[in-house]
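Throw the hints in and build the complete structure from the sequences for me.
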Amino acid sequence: MRTHRAIKPLLRTIVVSALLITGGTSIAQEEYDLLRVVLNNAGTGNLDVVTARHTKATLYARMFGDFLVNIDPNDLTVQPGLATEWTVNDDATVYTFTLRQDVTFHDGTPFSAEAVKFNFDRIAEAKAGAGYAALGAARYADTTVLDEFTVQVTFHETYVQFLNQLGLRLWFDSPTAVAQHGEDYGTLVVVSTGPYKVVEWVANDHVLLERNEDYTWGPDIYKIQGLPYARQIEIRGIREFATRRAALESGQADIVMIGESDVAGLEADPRFRVELEPKAGTVRQLQFNLRRAPIDDLNVRLAIAHAIDREGLVAAPRYSGAANVAIGILGRKNMGGDFPQAVHDAQLHYDPERAAELLEASGWIMGSSGIREKDGEPLTIEMIFPSAALSEVQPIQAMLSEVGIDVDLVELQTQAWFDAEEAGNFDMTIGSNSGTGLNLMNRIYQSGGTNNWWGLSDATLDGYFDTIESALTAEERYQAAVDAQVHMLENAYAVPLVDVFYPFAMRNEVNDVFYPAFSWPSFYQVWISN
Amino acid sequence: MLKYGLKRLVSTIPVLLGVTVLVFSLMHLVPGDPVKAMFRMTGESVEIPPEVYESIQKEYGFDKPVPVQYLIYMSRLFRGDMGRSTIRNRPVSELIRQNWRFTAELAITAITFAIVLGVLLGVAAAVNRGGWWDTLSMMAATFGVSMPNFWFGLMAMLVFAVQLGWLPASGVGGFEFVILPALTLGISASAIIARLTRSSLLETLGEDYIRTARAKGIRERRVTLIHALRNSLIPVVTLVGLQFGSLLAGAVVSETVFARRGLGSLTLEAVTSKDFPLAQGLILIIALIYVLVNIVVDMLYATLDPRIQYE
Amino acid sequence: MSQPPLESTLHSSAIQSARVRVALALIKRFLRHRSATVGVTILLILIILAVAAPAIAPFDPLKQNLRQGLAPPSAEHPLGTDEFGRDILSRILYGARISLRVGVMVVLLSGTIGVLLGMVAGYYEGRIDTIISRAVDILLAFPSLLLAIAVITILGPSLINALFAIAIAQVPRYARVTRGVTLSQKQRDYVDAARALGGSPPRIMFIHLLPNVIGPVVVLASLGVATAILTTASLSFLGLGAQPPEPEWGAMLSTGRSYMRQAWWITLFPGLAIMITVLAINLFGDGLRDVLDPKT
Chain F
37 MRTHRAIKPL LRTIVVSALL ITGGTSIAQE EYDLLRVVLN NAGTGNLDVV TARHTKATLY
97 ARMFGDFLVN IDPNDLTVQP GLATEWTVND DATVYTFTLR QDVTFHDGTP FSAEAVKFNF
157 DRIAEAKAGA GYAALGAARY ADTTVLDEFT VQVTFHETYV QFLNQLGLRL WFDSPTAVAQ
217 HGEDYGTLVV VSTGPYKVVE WVANDHVLLE RNEDYTWGPD IYKIQGLPYA RQIEIRGIRE
277 FATRRAALES GQADIVMIGE SDVAGLEADP RFRVELEPKA GTVRQLQFNL RRAPIDDLNV
337 RLAIAHAIDR EGLVAAPRYS GAANVAIGIL GRKNMGGDFP QAVHDAQLHY DPERAAELLE
397 ASGWIMGSSG IREKDGEPLT IEMIFPSAAL SEVQPIQAML SEVGIDVDLV ELQTQAWFDA
457 EEAGNFDMTI GSNSGTGLNL MNRIYQSGGT NNWWGLSDAT LDGYFDTIES ALTAEERYQA
517 AVDAQVHMLE NAYAVPLVDV FYPFAMRNEV NDVFYPAFSW PSFYQVWISN
Chain S
767 MLKYGLKRLV STIPVLLGVT VLVFSLMHLV PGDPVKAMFR MTGESVEIPP EVYESIQKEY
827 GFDKPVPVQY LIYMSRLFRG DMGRSTIRNR PVSELIRQNW RFTAELAITA ITFAIVLGVL
887 LGVAAAVNRG GWWDTLSMMA ATFGVSMPNF WFGLMAMLVF AVQLGWLPAS GVGGFEFVIL
947 PALTLGISAS AIIARLTRSS LLETLGEDYI RTARAKGIRE RRVTLIHALR NSLIPVVTLV
1007 GLQFGSLLAG AVVSETVFAR RGLGSLTLEA VTSKDFPLAQ GLILIIALIY VLVNIVVDML
1067 YATLDPRIQY E
Chain C
1285 MSQPPLESTL HSSAIQSARV RVALALIKRF LRHRSATVGV TILLILIILA VAAPAIAPFD
1345 PLKQNLRQGL APPSAEHPLG TDEFGRDILS RILYGARISL RVGVMVVLLS GTIGVLLGMV
1405 AGYYEGRIDT IISRAVDILL AFPSLLLAIA VITILGPSLI NALFAIAIAQ VPRYARVTRG
1465 VTLSQKQRDY VDAARALGGS PPRIMFIHLL PNVIGPVVVL ASLGVATAIL TTASLSFLGL
1525 GAQPPEPEWG AMLSTGRSYM RQAWWITLFP GLAIMITVLA INLFGDGLRD VLDPKT
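Protein chains in written order, with my numbering: chain F, 37 to 566; chain S, 767 to 1077; chain C, 1285 to 1580.
What the hints contain is simulated information worked out from the structure, not anything from laboratory work. Hints are all accurate, no fakes.
With a straight-line Cα cutoff of 30 Å, these simulated DSBU-like cross-link-like pairs (lysine-lysine) come out:
(1) F:Lys153 with S:Lys802
(2) F:Lys410 with C:Lys1347
(3) F:Lys153 with S:Lys824
(4) S:Lys830 with F:Lys163
(5) S:Lys830 with S:Lys802
(6) S:Lys824 with S:Lys802
(7) C:Lys1470 with S:Lys773
(8) F:Lys163 with F:Lys153
(9) S:Lys802 with F:Lys163
(10) F:Lys163 with S:Lys824
Right, here's the structure in full:
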């Protein structure tokens, strides 16, 4: 067991370790034939910016496409991309972009203001999906072509997150190719502007990318701006953890997304190295149906929070130390690295005695069977969870039983689990969401939020969410995010559990995997040392 | 013979119709909304505006009553249109075309492996009845049926791909890619075939005409191998047909363990993500293959055993 | 396929005692069967262990100790601990109860339904036979594991639902065998005689036909128990198996596979438990087959 030694290097940030590895000796960076990457799944559906629904599409898009602007992962500033300059009006309703003039789509047609308008209008017309959300959904008014390389996007209301969203998932499809290929566009054919072209896309299996020999417009956030080193990149999806690890160990892959419990084992192997990328999004957390007794009782929720040994969860083999104890509702990555003291102070630490007191204060007295009772009713909480969370919910059940709370675990298939959440058929559930930005919490916990399935309606909290969404200065938005999370912790509307990483293991010879502000890495600048 | 085949072919129509009804009812009972499922593939929730929801529902005809949906599906099916996958957004027939050969490759290699190994073990056991070989091959066969196949697969991967580096750990490609998955898939069938071959061969060896042949002075080995084997293979052939069905289903596990593309993993994806058209198409095709294989098996019977005649 | 009919329309004591003698002879033959006795012995030990689990298991099979997760075999935990620090030996002992129960219940359920359908189809023939046979053909053509997956997706993953799903998939084999035996036995004189004496169809089926079906069905059933245990494991692997925290062997094996690289004991012991059980059942089944059904 060398788990403890393994933890230290894991906590180093990726940027630092990447610098350490490549900084010292200078090795010739040469072209090579093929980079083989294995992920947990290859994604499915379309790679059309309008209908792409799978988050892996945004990973591929970093290689087959470009964004108007890019977010620097180090300081989260907005950097140029396909747009060289941009201006935003005072209430953040009008954005004007000046575009690069040297960009062409893979089919040779030029990238211009018309192409931007074409893509945005198509997304707005479709009215659904992640692309539509990124475009501000109903806030989007229209896009105007000011001249061949100047374009103006107008919103009905303030939309401060637009630049961030542009740097995450809004790539551009060739208008000519979209018209030409009809229904095949996005499934058989993808024509965009990036350093790689999509040669083959087999949903749920793999994508094969081939270098775009004309590429010269790489953004400054990368170490290179021109031709990538790898002539081809093959990205495969493998569901089984053991099979993924075997792909790396048997020499079938260069970079593999592994499970947390494999981190220590692969770090111990001199052939490989592990890089831990904090996941952008909300943390793994317990969520409650606040409309139902006994979970509507604040004391019961606080007791649940105090009954959970989060350090224990992180240390257990499921995470094997390759994760952090969650501090807030959002992950560290979304908060720019860490939380201010206010959130740390609001932590509900592991304290079974406090949990017992809180339950007793609400009249839940320990019964003979080890389960608390009130008026002859046992303290039983129905917890629904998707099959993938099986190893997370079992320790929670055991921890809550220590303080006399009986958790009835109900395993559901993913789709059925969503339906049960939406219909409110549960007391407690477990979940997290991916995404960047501070406003990720809004649709989940704001009253009337599209994914507020908890019956949560708190005017104070809603006020904070409004500020996060529309305050014009970053400081105000950040403070509101802090206040909102402190308020949520104090009321135990949700119980943060674990802030996870995406562990990527790779051959030692692999250099410069790029981790953008959004979690999925880019392999554009990866090179192999001999 | 041809007439018999045609007759059997016609008799499969009601079975296949029944399969479509069964799949259709099962898929409608699977919890979850197919349209919402399209947006929730990653296990995370996404906003779906009502007008978009309705238009997608209309596009796939999910707004109509189930029996009407069934009739529409069937009328399209007869015109050769299997519909469009909701998740993959491609025609179902195309997805099947793209993936069938990987499963075919896997299943055929697995069944070939199972037959060769099974018959060899079975013969070795029967010829040496009560001896060392008998015990050893039957032990091997019993172990083969006693291991959960995914476990066997993972262990085989660790040994042959990770430790020894002889074979690739996962994926599809040349013949070397199919060896471990086929071994995993075929191991239990080979065990069953070995046991049946042994008992069937022992039985034939006891029959009169073999004694006659032996009395005529042909060498023992030839007697057993040629005369007896041919006759004792008849029940084995039936078994192979039946095993082929469970092999197709078992492909789900083997394909998942070894991350292979194919109809098995596609079916699992379709059922769990509520992709109606894809699940229906796939299960129908798998049932059709099963039925056809069994007709062929029955016809093989006649070739192996001249005593059997079909009207 | 089956034994000569021992029955006649009259149940004289002579025939009764003949039956007893035949049964005794069969048991004797069975006990002389080497592998069968090995199988029976192992099964008996397993049953005893399962029954005595609460008394002999060193720990509570559900008791977690997260900080002692994946502890290797030691004096305290002879088979090590799992990812939640639960004692694997205790879980295997308790798991024997679940796995054996699953196997037996699947067989009882599918056997009962299958035998009933098969007898009715074989006895009445005609339209009823056509309907039942077609239904059985449909079930046979429907890949069994996929059927189980669909059924569990509908009912939700749990051991009981897995049990149902596996049972449904096993019905056709019983129905087919029973129908075949019923068809051949029906032609025999003693059935005609029973009918002539005014025996009702249910009476004829249960009193006269059923005993002939038992032989082949018992052989199928013994192997069915093994198939059920293995299929439960496969379903667990696909995420459709037993509900936590039940110590079902298949679920232990399949959830343990994420940790098998750093903790070999976590999959090895549940895997061995399944193997030994299935092996014993197979040996037992072989013995039964040799005794009851000597021809195949």
